[in-house]
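J.: Protein chains in written order, with the working numbering: chain A, 1 to 396; chain B, 1 to 202.
What the hints contain is simulated information worked out from the structure, not anything from laboratory work. Each hint should be verified, as a subset may be incorrect.
What the hints assert, rightly or not - Sample of chain B residues facing chain A (criterion: CB under 7 Å; computed from the structure): (1) T18; (2) P22; (3) T186; (4) A187; (5) S195.
To be verified - As a list, the in silico DSSO-like pairs of lysine-lysine whose alpha-carbon atoms are at most 30 Å apart: (6) A:K168 / B:K156; (7) B:K27 / A:K50; (8) B:K128 / B:K156; (9) A:K13 / A:K149; (10) A:K149 / B:K27; (11) A:K13 / A:K64; (12) A:K168 / B:K128; (13) A:K50 / A:K64; (14) B:K128 / A:K13; (15) B:K27 / B:K156; (16) A:K149 / A:K50; (17) B:K27 / A:K64; (18) A:K13 / A:K50.
Since the structure is predicted, the reported quantities are computational estimates derived from the model, not experimental observations. Don't be surprised by glycine CBs; every beta carbon is placed ideally from N, CA and C.
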Amino acid sequence: MTIRRQYSLPNCKLILEGWSNEPESADKASERPLLTMVVNAECHFAGYEKPLVGGREFVESLVKAASRYAQEFLSGIPHPPPLDERSAPVQIGYVQGDIHRLTCRAPESNGHQPADQSMQIDLKTVQFFDLVEAVDQMLADSQTLPDFKVNLVPVRRRHVAPQEPVTKRALPAAIGVSGLAVAAIAIFFVPPPDLRRTGANSEASGEQSTEVAPDAASSSPAGSDPPDAPEATLSPSPDAQPSPADEASPADATSPQNSSAQSAETNSPSSDSTPAADTDNLDVLIEQAPTITDPARLEEINRELFNRIDQAWRTDVRFSENLVYRVGVNQNGDIVGYRYENDAALTYVNDIPLPDLRSTPVSADTTSQNSIAQFRVVFRPNGALEVSPWYGTPRQ
Amino acid sequence: MHVSNPPAQHSFSVILDTLPDPALPDKSCPRRARLQIDLLLLAIEALDLTGSEAFLVAARELEMQEVIGNRVELWRLRSTNPLRRSSQRRPLSITEAKALVIIACHLARRLTVLIRQLLLAYQQLSEKQLSPDHHFRLSDYLLRFRSHFRSRMNPKRAGVMAYSTDEKLNSLALSLLGQLLFCTGTAGAQRLWSSLFDGEVA
Chain A
1 MTIRRQYSLP NCKLILEGWS NEPESADKAS ERPLLTMVVN AECHFAGYEK
51 PLVGGREFVE SLVKAASRYA QEFLSGIPHP PPLDERSAPV QIGYVQGDIH
101 RLTCRAPESN GHQPADQSMQ IDLKTVQFFD LVEAVDQMLA DSQTLPDFKV
151 NLVPVRRRHV APQEPVTKRA LPAAIGVSGL AVAAIAIFFV PPPDLRRTGA
201 NSEASGEQST EVAPDAASSS PAGSDPPDAP EATLSPSPDA QPSPADEASP
251 ADATSPQNSS AQSAETNSPS SDSTPAADTD NLDVLIEQAP TITDPARLEE
301 INRELFNRID QAWRTDVRFS ENLVYRVGVN QNGDIVGYRY ENDAALTYVN
351 DIPLPDLRST PVSADTTSQN SIAQFRVVFR PNGALEVSPW YGTPRQ
Chain B
1 MHVSNPPAQH SFSVILDTLP DPALPDKSCP RRARLQIDLL LLAIEALDLT
51 GSEAFLVAAR ELEMQEVIGN RVELWRLRST NPLRRSSQRR PLSITEAKAL
101 VIIACHLARR LTVLIRQLLL AYQQLSEKQL SPDHHFRLSD YLLRFRSHFR
151 SRMNPKRAGV MAYSTDEKLN SLALSLLGQL LFCTGTAGAQ RLWSSLFDGE
201 VA
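My request is simple: use the sequences and hints to build the entire structure.
T.: Pasting the structure below:
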């Protein structure tokens, strides 16, 4: 016997006719037999006299199309029908505003309808919802087509058509890549940084150069005669009167360009530029080098310095007033430079051992890199020696 | 109503399980889903005067206090909408999103008659080429939606600037009304849930 199921909504009525092929349903389920085979299906829309008619294929297609388009309506993202449904009898698509168009192609195999007849139905949102709801009620009905399921799945990312054209999406990446290329080309033309401390600086401002020793060494021509150099740089002559040039020289003697004096190739800062250049050498050195602040180390250096000077000071005392020097000492306890602090100190500098004790660093940069402590060294006429940190003993 | 429900935890998870877990690369809701859920709730508030209270009542009825226990928690979940003034960078978990979707559909179902009425009214007005203001109830809904939207969304966001005029906000409100209609359906929650992840799953 034929089973008839009807799902009615205000704007849409879905009618299924078929029968059950489950034998046992006949005896017990008298009130509601299981419908498993669809023979005929009708879908009526309010405002349209002729219903859509079809068989199982029509129902399946209607369900899938309605389901797919409902999801498209909710998300606003198009759901392209899969390949095997492109030729399905029922298609639903968006027209404009709140109009959705259902197109139903009459099945050729069905003899009830002429083959050329296809129906177009424009549905408003509410009408379309009624269709979806009729479909959902049918699907939810466990006594109708229980094998019939619709798989609600989100559309995959790769199936979503890009919202923007490729050129527009590629633009940021293109800008980034070309920017990198431009930067690479620009940087290619920048010369690598010159690590050598060139003499250009000291040559340009030779009179008051603040460069450390290696500069003077490299800038000076190698041809100048070596014997003069120690004279000029190291110390004033014993009987020197304080003169502007001489005034400078003790300071320059303190400077570590002894390194240059020692280094084989060149030890001849030209005498007219170096004294001035070396005047502030200790100061410069101190400015550039970090100061030793560790009180324990300071004390140790202090003691060492005292012992070294004390042992070396064996000459007779010929001066009648205190000789005060400021002495720079590096981490290793080497005297890297000294400077007189009163006139007598300059006059009698050859009577005291500081010029001899001044260290001669092996390489130029050890002096500039080592940290330095300053000490006040006083030679008294009575033969006493005083050594104390220049800035006093740090607190604590 | 007074029937005791021994396995409260059970019924709560059964409802959530009607919505399948989407195959997302990370286990939190994508931007569009967070935005969409909050806007649907906003439309419900514009339809129902007691909307925000109704969310909490619905959460209690559906035994979802665990997810949405109080007003603050609800506010925090809704603030995951990137367009909100008070937008928070915390993620919206799948469970929280499911709870919000089920509550939205639950309330939409109660408002079925009103939603249909308003959509039919709009349909008739647009056929006659009249503005929605000619229908009292419809214009009331649109007005309230606009004021809710403007008071809660951050006007500096580009996504909000796109709705700078009344007309644009009206069309957003009407499209949300259409979506709410689908939420009232038999499989409304499942259809809405699936649509939230369109184009997001791997």
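J.: Work down the list of hints and note, for each, if the structure agrees.
T.: A quick look at each hint next to the structure:
1. T18: Constraint on T18 (chain B) not satisfied, violated at 11 Å.
2. P22: Where the cut-off is 7 Å and the nearest Cβ of chain A is about 6 Å from P22 (chain B), the hint holds.
3. T186: holds (4 Å)
4. A187: holds (4 Å)
5. S195: holds (4 Å)
6. A:K168 / B:K156: holds (24 Å)
7. B:K27 / A:K50: violated (49 Å)
8. B:K128 / B:K156: Violated, at about 37 Å.
9. A:K13 / A:K149: Holds. K13 (chain A) to K149 (chain A) sits at ~20 Å (cutoff 30 Å).
10. A:K149 / B:K27: Given pair K149 (chain A), K27 (chain B) holds - Cα atoms ~27 Å apart, limit 30 Å.
11. A:K13 / A:K64: holds (17 Å)
12. A:K168 / B:K128: Status violated; Cα separation ~41 Å.
13. A:K50 / A:K64: Answer holds: K50 (chain A) to K64 (chain A) is near 22 Å, not above 30 Å.
14. B:K128 / A:K13: The given pair, whose Cα atoms are some 27 Å apart, holds under the 30 Å limit.
15. B:K27 / B:K156: Within the cut-off at roughly 29 Å; holds.
16. A:K149 / A:K50: Roughly 27 Å separates the two Cα atoms, so the pair holds.
17. B:K27 / A:K64: Satisfied, since the Cα-Cα distance of roughly 29 Å is no more than 30 Å.
18. A:K13 / A:K50: It holds: about 12 Å lies between the C-alpha atoms, which stays within 30 Å.
This entry does not satisfy hints 1, 7, 8, 12, going by the numbered hints stated previously.
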